[in-house]
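So the protein lines, in turn, are chains C and A. FYI, this note's numbering numbers position 80 of the first sequence as 80, with every residue one higher than the one before it. FYI, this note's numbering numbers position 3 of the second sequence as 3, with every residue one higher than the one before it.
If you are wondering where the hints come from, they were derived from the structure by calculation, not from laboratory data. Each hint should be verified, as a subset may be incorrect.
Unchecked claim - DSS-like cross-link-like pairs, simulated, lysine-lysine; straight-line CA separation at most 30 Å:
| no. | chain 1 | residue 1 | chain 2 | residue 2 |
| --- | --- | --- | --- | --- |
| 1 | C | Lys147 | A | Lys131 |
| 2 | A | Lys37 | C | Lys49 |
| 3 | C | Lys163 | C | Lys49 |
| 4 | C | Lys147 | A | Lys36 |
| 5 | A | Lys45 | C | Lys6 |
| 6 | C | Lys12 | C | Lys28 |
| 7 | A | Lys45 | C | Lys121 |
| 8 | C | Lys141 | A | Lys128 |
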Amino acid sequence: MLLSKKEREFRKSYSDYYPVILNTLYGKVGNMEDAEDICHEIFVSYYRKFDEVRDARSWLFGAMRFCISNYYRKKQGSDPASIDIANMEEDASLAFENGSRDIRIIIQEALENIENYRNEKERILFDLIAINCYTYEQAAKQLGLTKRQAVYKYQQVTRRILKYLKDRGITCIEDLI
Amino acid sequence: MNKENNDTMLLEKLLDRYRLTRPVPPDVQDSILSAKKRNLVSILKTTGAFTAAYGGYYVMVARPGADRAATPAVKTLSLDEIRARYKWVDEITLYNGKIFRGAVMSRGETYRVLTTEGIVMIPRSQIKMVKPLNISGEEHKTAPGDSLK
């Protein structure tokens, strides 16, 4: 066997999460070179702590927030405590008022609800297609699936999310658009 | 956007309307995909996990852009070497106009043909005719029965 178990598992984890992490970094940082550098830093730390990590997604996204705040601190010379990445993400919600903001929160909950995804791959696939606007072909390539598999999985997740919204009282999506 | 299904279209519109999308431009998507394996090697090198064994594995299997389907299954041979080994060389013409030259190794629903670029599997239904080639590389007259149809 050429690769150890740790390396095989790391490779699989890297293969799944790399596009999602890099997409998010690109969205936050705004240029590909810096995003790749930060991504490299995150995955190097992830490899070193691989045996201790229980939830890869939480760990990687936590490390990403930390690295982004460090990046802005270095760039702007400001105090990292004053930069709250979580709040930066929520800025968009300020554009919505009262009822609309509540609906946005419900939709966010639906996207984050783990029960809407059968496994982590489905969640990543949904992120790539619905959030990052990848085509089915590109998302399938990133995750090592066929286009048909990607379409099927994506449609299943979509149905579950729409059902979740319906259960939470959002019965007519068309009215919200 | 993927508009193959009404539900998916509806949800995508909803996410867009509530600014929950973070679109990544297509050129960036391509560069993310193409840099994936290169960056993995870079990470493994930084951590010291990029061993000689992994290097070999990377070159053989995980090399960026490696098209495993296009890699010949056996060492490639020239037409003369194929003729010397199998005593004959055929020219296989497909209905789509494509022509393969080499030795037919097995027949059936799928023909296995050893060509100068490796072994090619051709479904019988796609083959228009099979002609033997003489030593100079010119084809004989089509013998009765050589043509499949």
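Going down the list of hints, with the structure as the test:
1. Taken as a hint, the Lys147 of chain C and Lys131 of chain A pair is broken in the structure, with Cα atoms around 39 Å apart against an allowance of 30 Å.
2. A C-alpha spacing of about 21 Å is found between Lys37 of chain A and Lys49 of chain C, which places the hinted pair at or below 30 Å, so the restraint holds.
3. A threshold of 30 Å between alpha carbons decides the hint, and for Lys163 of chain C with Lys49 of chain C the separation of about 38 Å lies outside it, so the pair is violated.
4. For a cut-off of 30 Å, the pair hint linking Lys147 of chain C to Lys36 of chain A stands: about 19 Å separates their Cα positions.
5. The suggested pairing of Lys45 of chain A with Lys6 of chain C holds, with an alpha-carbon distance near 15 Å, which does not exceed 30 Å.
6. Straight-line distance between C-alpha atoms of Lys12 of chain C and Lys28 of chain C comes to about 25 Å, which keeps the hinted pair within the 30 Å bound.
7. At most 30 Å may separate the alpha-carbon atoms for a hinted pair to count; Lys45 of chain A and Lys121 of chain C meet this at roughly 27 Å.
8. Taking the CA atoms of Lys141 of chain C and Lys128 of chain A, the gap is near 35 Å; set against the 30 Å cutoff, the hint is violated.
In the structure shown, a violation is registered for the earlier hints numbered 1, 3 and 8, in ascending order.
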